[in-house]
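> Read top to bottom, the protein sequences are chains A and B.
Be aware that the first sequence starts at 1, since it is given in this note's numbering, and climbs by one per residue.
Be aware that the second sequence starts at 1, since it is given in this note's numbering, and climbs by one per residue.
Bear in mind the hints are in silico, worked out from the structure with no lab data behind them.
One or more hints might be untrue.
Stated by the list, open to error - Listed next, the in silico SDA-like pairs over lysine to any residue satisfying Cα-Cα at most 20 Å (straight line): (1) A:Lys-347 <-> B:His-129; (2) A:Lys-347 <-> B:Arg-127; (3) B:Lys-92 <-> B:Gly-73; (4) A:Lys-347 <-> B:Tyr-125; (5) A:Lys-347 <-> B:Gly-126; (6) B:Lys-92 <-> B:Ser-247; (7) B:Lys-92 <-> B:Gly-150; (8) B:Lys-92 <-> B:Gln-210; (9) B:Lys-92 <-> B:Thr-172; (10) A:Lys-347 <-> A:Phe-336; (11) B:Lys-92 <-> B:Pro-158; (12) A:Lys-347 <-> A:Thr-15; (13) A:Lys-347 <-> B:Ala-102; (14) B:Lys-92 <-> B:Ala-102; (15) A:Lys-347 <-> A:Gln-21.
Claimed, not checked - Non-contacting residues of chain A with respect to chain B, defined by C-beta distances greater than 10 Å in every case (computed): (16) Asp-53; (17) Met-55; (18) Pro-108; (19) Ala-115; (20) Pro-137; (21) Ile-140; (22) Ala-144; (23) Phe-146; (24) Leu-152; (25) Val-155; (26) Val-333; (27) Gly-342.
As the list claims (entries may be wrong) - Estimated spans, in silico, between C-beta atoms of each pair: (28) B:Pro-158 <-> A:Phe-317: 52 to 60 Å; (29) B:Gly-152 <-> A:Val-28: 38 to 46 Å; (30) A:Asn-157 <-> B:Arg-329: 39 to 47 Å; (31) A:Ile-32 <-> B:Ala-211: 42 to 50 Å; (32) A:Gln-159 <-> B:Thr-40: 38 to 46 Å; (33) A:Ser-270 <-> B:Ser-97: 29 to 37 Å; (34) B:Gly-152 <-> A:Arg-210: 37 to 45 Å; (35) A:Ile-23 <-> B:Arg-127: 51 to 59 Å; (36) B:Thr-40 <-> A:Trp-105: 33 to 41 Å; (37) A:Phe-129 <-> B:Gly-198: 52 to 60 Å; (38) A:Gly-43 <-> B:Gly-198: 29 to 37 Å; (39) A:Gln-159 <-> B:Gln-251: 20 to 28 Å; (40) A:Ser-270 <-> B:Ser-247: 49 to 57 Å.
All values reported here derive from a predicted model rather than from experimental measurement.
Glycine included, each C-beta is placed from N, C-alpha and C at the ideal position.
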Amino acid sequence: MTATTLEKREKTDLTRLFLTQRIPLLAVLIVIVVVTFFINDAGGYLTAPYDFDYMSAALITAVPLAMLGLAEMLVILSGRGGIDLSVGAIVSLAGMLFGFAYGEWGWPLWLAIIATAAFGALLGAVNGFLVSYIGFPALIATLATFYAYKSLAIVVNNQQPISTEPIQQLFSLSRSVELPIIGQYIPDVPLGIFTFLLPTVVAVWVLMARTAYGRRLYAIGTNDVAARWAGLPVRDTRFKAYVYAGLISGLVAVVTVAQFASARPDAGVSGNGMALPAITIAVLGGVAITGGIGRVAGVVLATLLIVWLNAGILLAFVGNEGSQYQLLALGTVLVFAALLNGLTNRKYGGS
Amino acid sequence: MTITATPPAKIKNLPSPVTGQEIVLIGVIAVLWAALAVSTPAFLTAGSLQPLLVATAPVALVGVGMTIVIITGGIDVSVGAAIMVCSVITAKTLVGSDVNLAVAVLISVLAGGALGLINGFLIAYGRVHAIIITFGTANLFMFLGLQIFGSGTVNGIPGTLGFFGRGEAGRTLGIPHAFLITALITAAVWWYLRHTAGGRHFFAIGGDAQAARLAGVRVQRRVLLAYLTTGVLVGLASCFVIAQGTSTLDQSVGSGKELAVIAAVVIGGTSIMGGRGSVLGTFLGALLVQTVASGVTQLGWRSQLSDLFVGIFIIVAVGADLLRARARRSR
């Protein structure tokens with residue numbers, strides 16, 4: 001084998017790596033985005049400095065995004081058109097419960113958080129029951145519950161947000177903190193990263209990569225019928241995916257209430273809602289919409305990419321132009337991710 | 001099914017013109033109207049029914065296109081953003097230059113058609129999942145719409161589109177034009193889907209795209225056509241939306257409409273899996289959703305409560321369909 005053919009083969013292997021493995025591709029994209037904005041910053045084209053402090057502060061928006069992205073990953077992995085349009089509405093409705101429990105009824109914080117998470121899980125269980133046991137297509141069942149939860153969240157407190165004294169003080173949960181020991185060398189990190197995001201990421205990773213449940217979920221998502229003949233509890237496994245998604249949405253509700261310092265009835269559904277960005281993150285992170293394929297690291301990297309891209313875009317434009325260009329970026333990235341998935345499936349066979 | 005079927009036998013092979021779901025929907029709407037007529041005397045008056053019919057039109061019209069898309073096994077979640085783009089283009093044209101009704105409709109329809117073409121092209125030839133692509137294009141369309149909006153609202157829209165509006169100019173013999181046009185288009189598409197080879201191809205693609213392709217259906221062209229049709233209808237529906245509003249158009253126009261349209265389609269009995277459905281059902285589904293919204297306000301309840309009923313209707317309508325499918329299988 002001559003040196004040129006070897007070189008050629010290495011090159012195609014690299015192309016193949018980037019096309020078939022989402023994680024290296026995302027890592028490279030993150031580096032490109034960050035370097036691009038650093039260069040722009042150095043050239044003075046941005047309205048404010050884009051540095052590590054800014055990137056770290058921007059991570060606060062990664063908390064709900066990554067958590068809901070993981071929630072979507074679980075349901076999409078479960079296969080048979082799995083998707084959850086209701087996560088945003090669960091965030092709204094569970095957030096209202098948290099508002100009542102902590103802000104009005106004076107429950108202790110830990111109890112209120114557990115109750116909110118449990119309530120989220122219950123709302124997710126309704127989805128799971130409809131999809132897994134009754135056989136509703138996931139898109140329909142979660143569209144219906146999206147409407148129902150959204151409506152209930154608005155009606156339950158007469159459209160009024162709850163922002164009593166204890167709720168307002170919760171804002172301290174979303175402040176940035178200096179880490180012990182290494183803290184003085186790196187920027188302050190938003191507290192929500194440690195209290196909510198990291199535990200969720202670790203828990204989902206352990207669930208997917210280190211438990212029998214995770215293996216079952218991949219199995220039913222890959223081939224529903226084969227999994228049933230292999231004796232797996234298909235319905236139960238799929239049902240639990242929706243319950244976990246609801247549970248995570250319940251936790252996001254707490255984060256959102258703290259971030260706004262108010263339990264807003266439309267927190268998860270206003271504007272574009274929270275479900276669409278979450279699905280986008282999951283797909284961008286390499287979760288196959290057909291089920292059975294997807295990894296936690298992909299979703300986390302996809303979140304970082306979008307968060308740092310959005311943060312940079314915000315500085316590159318004056319006024320609200322930036323938020324419009326964020327839509328452009330998100331749409332373009334999603335369309336290209338989808339086309340790339342189609343291309344790799346055709347070129348390298350896929351599953 | 002035999003291939004050598006003679007024309008009369010072919011007609012016999014067609015399913016019944018009105019599905020069970022549609023009969024039930026007609027019944028439910030009739031019961032609701034009767035109940036509302038009894039509880040609120042103002043309901044069965046022209047002043048209450050005409051706005052209801054006008055408000056039904058855009059959702060039902062986009063629903064006709066969405067039904068075709070869903071029959072082919074796809075979905076289009078970008079229609080809400082597409083409505084925004086078409087509305088703002090048309091509104092700006094109306095404000096900027098004094099065009100007449102026909103030109104305004106043409107501009108809106110062309111804009112919608114172009115957006116539909118983008119979706120259709122990506123989905124048919126990019127061979128990627130429709131929901132993902134349309135999530136992406138929804139963001140792109142929203143960007144486009146907001147850019148055209150510039151900042152804030154479009155003000156001082158002239159009454160050129162009053163032909164489709166709520167006012168006196170928007171009615172003939174008491175029937176709103178927007179509703180009439182929607183009903184005519186629904187009927188035409190219903191006939192096309194049911195009685196022409198081209199129409200049946202959409203069902204074939206939704207049933208099994210691979211088999212349809214081997215049977216000689218030009219799958220990609222048909223899929224492209226489905227999204228193009230949806231885009232064109234979005235364009236027309238945007239004219240209805242502008243006409244129903246005030247002389248000001250704000251940036252929230254079309255927001256959330258995609259889910260309302262999908263709700264109407266699935267309440268109408270169209271299977272989200274593709275291969276089965278009817279535009280008549282969608283029309284009735286849109287009418288039902290609007291009746292509930294109108295009824296909730298007239299009863300003096302909180303208007304947001306109507307969403308809860310929409311959710312319940314989706315569960316009941318699709319649940320009934322699932323039960324029927326189970327019965328069909330076990331027979």
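> Which of the stated hints cannot be reconciled with the structure, identified by number in ascending sequence?
Going through the list in order, the structure violates hints 3, 8, 9, 13, 20, 21, 22, 23, 24, 25, 26, 27, 28, 32, 34, 35, 37, 38 and 40 and respects the others.
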